[in-house]
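Since the structure of chain A is already known, use the hints to place chain B on it.
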Amino acid sequence: MPFMKGKAPVRRTLKYLEAGKLVLKNEIKVFTVNYNVHGAHHQGTKEFVFWYLPQIQYKNPNVQVATFKNMTPSPFIRCFYETGKQMLIDCDNKSKEDIHEHLLKIIGKTRETLEAEAIAREKKDNPANFGRGCDRHCICEIPGQIPCPEIVPLPNHMRGKFIYAKD
Amino acid sequence: MLKALNNFKLLSMTCETFSPNSLYQQSVRWGRKPLWFPTAKSKLFRVSPRKRLPKEEEVEKRRLYNSYRTQVKSIKQYLEEKYSLENQEAFDEEKHKMEIEEDFIQCSEINDKWNEEIKKSREERVEKELQESIEDAKRRLEKRLKIYAEQRETAEEAVRQVKEASQHFITPDKLDAAIEYAINNPVDYNFALDLDGNKIRGRETKPPSKIEPEKISAKA
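Chain order of the listed sequences is A and B. So for the first sequence, UniProt numbering puts the first residue at 1; every next one is plus one. So for the second sequence, UniProt numbering puts the first residue at 1; every next one is plus one.
It should be emphasised that the hints constitute simulated quantities derived from the structure, not laboratory data. Glycine included, each C-beta is placed from N, C-alpha and C at the ideal position. One should not assume that every hint holds.
Taking beta-carbon pairs under 8 Å as the criterion, some of the chain B residues facing chain A (in silico) [what the hints assert, rightly or not]: (1) LEU35; (2) TRP36; (3) THR39; (4) MET98; (5) ILE100; (6) SER108; (7) ILE110; (8) ASN111; (9) TRP114; (10) LYS119; (11) ARG125; (12) LYS128.
Looking at chain A on its own, in the form it has when it is part of the complex (with noise of 0.2 Å):
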């Protein structure tokens, strides 16, 4: 089937993406994971870059998220900050929930700063609006104001070359 591709194909379902919960800080701008395929404390890292990898990457786009094998004695994670600064997670023999649920508190975005996030973007789309980039283009259009000058012209008493006609 040409969509049902890779070893679990429900990772690249909508539905399951837009269920991420891990929204990184505004100032992380690199996110790498290092680990073995091979030795039962790096499992819970595998499984983590498996199922959470995609999820992370569809809600943070402009972060660039890299994955480093078979290079270390034992899995970490590395966050590089804007600033420079890093962060560096040990991931040594542990679950993939469990390194899900301390990054959610390390480098995620809070539940308020999402919440917060959604109603300004909200605001953004007022559809009263009009003008570039919305619906209306010109106040012309919108039921209940003067009609299109080009269609329908202004009344004398509203057009400059009667008001300040020299006669």
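Here is chain B on its own, set in the frame of chain A:
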């Protein structure tokens, strides 16, 4: 010219659809007089009468309107003050930076505690694995040593057997005696074996019953 054009445009806009087949349609010039048309001659000097209400009603109306307007004014002023620039907190970049740094420090503390816990458990695990691997190595060493010992024993056993047998070897000085012995004691291989293991010698003894020699057939 412009007037004619405008009239034409107006006609097309506000006229009802004029179909030559329907005779029961009345066409309307316009729904209402356009804003910029001058007042009609019949209406030029028209003075519409002033409507006056009885005094009590006027007083009541004024009271209601006043109360409504004060309410609206108060709301408007409140909102103006609330959203005025003075009251709005200006976006302070330094303060924002400080907040980000503080947040980073707090999160780093939580993360450090988490890392410490994991470090402890990891070191325990690594030590355990190291001990296990040492013991495993010891066991393997013992096994190998045992194998070597067994091999040495089998080798020694073989050497001992050969040593024992070497006593009966015929060396050049024992040669004459050996030849004499061999001549004096010939070994007779001409015997038959019973199921019970009895050797039945052929030179001295006779077989128990007559056995006719088997003829070899041509087919076989």
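Checked hints:
1. LEU35: holds, 5 Å
2. TRP36: Check passed: Cβ of TRP36 (chain B) comes within 3 Å of chain A, closer than 8 Å.
3. THR39: Because about 12 Å separates THR39 (chain B) from the closest Cβ in chain A, which is outside the 8 Å limit, the hint is violated.
4. MET98: Where the cut-off is 8 Å and the nearest Cβ of chain A is about 12 Å from MET98 (chain B), the hint is violated.
5. ILE100: At 6 Å from the nearest chain A Cβ, ILE100 (chain B) passes the 8 Å test, so the hint holds.
6. SER108: holds, 7 Å
7. ILE110: holds, 6 Å
8. ASN111: holds, 5 Å
9. TRP114: holds, 6 Å
10. LYS119: Constraint on LYS119 (chain B) satisfied, holds at 7 Å.
11. ARG125: With a closest approach of 7 Å, the ARG125 (chain B) hint holds.
12. LYS128: Given a least distance of 12 Å, the restraint on LYS128 (chain B) is violated.
This entry does not satisfy hints 3, 4 and 12, going by the numbered hints stated previously.
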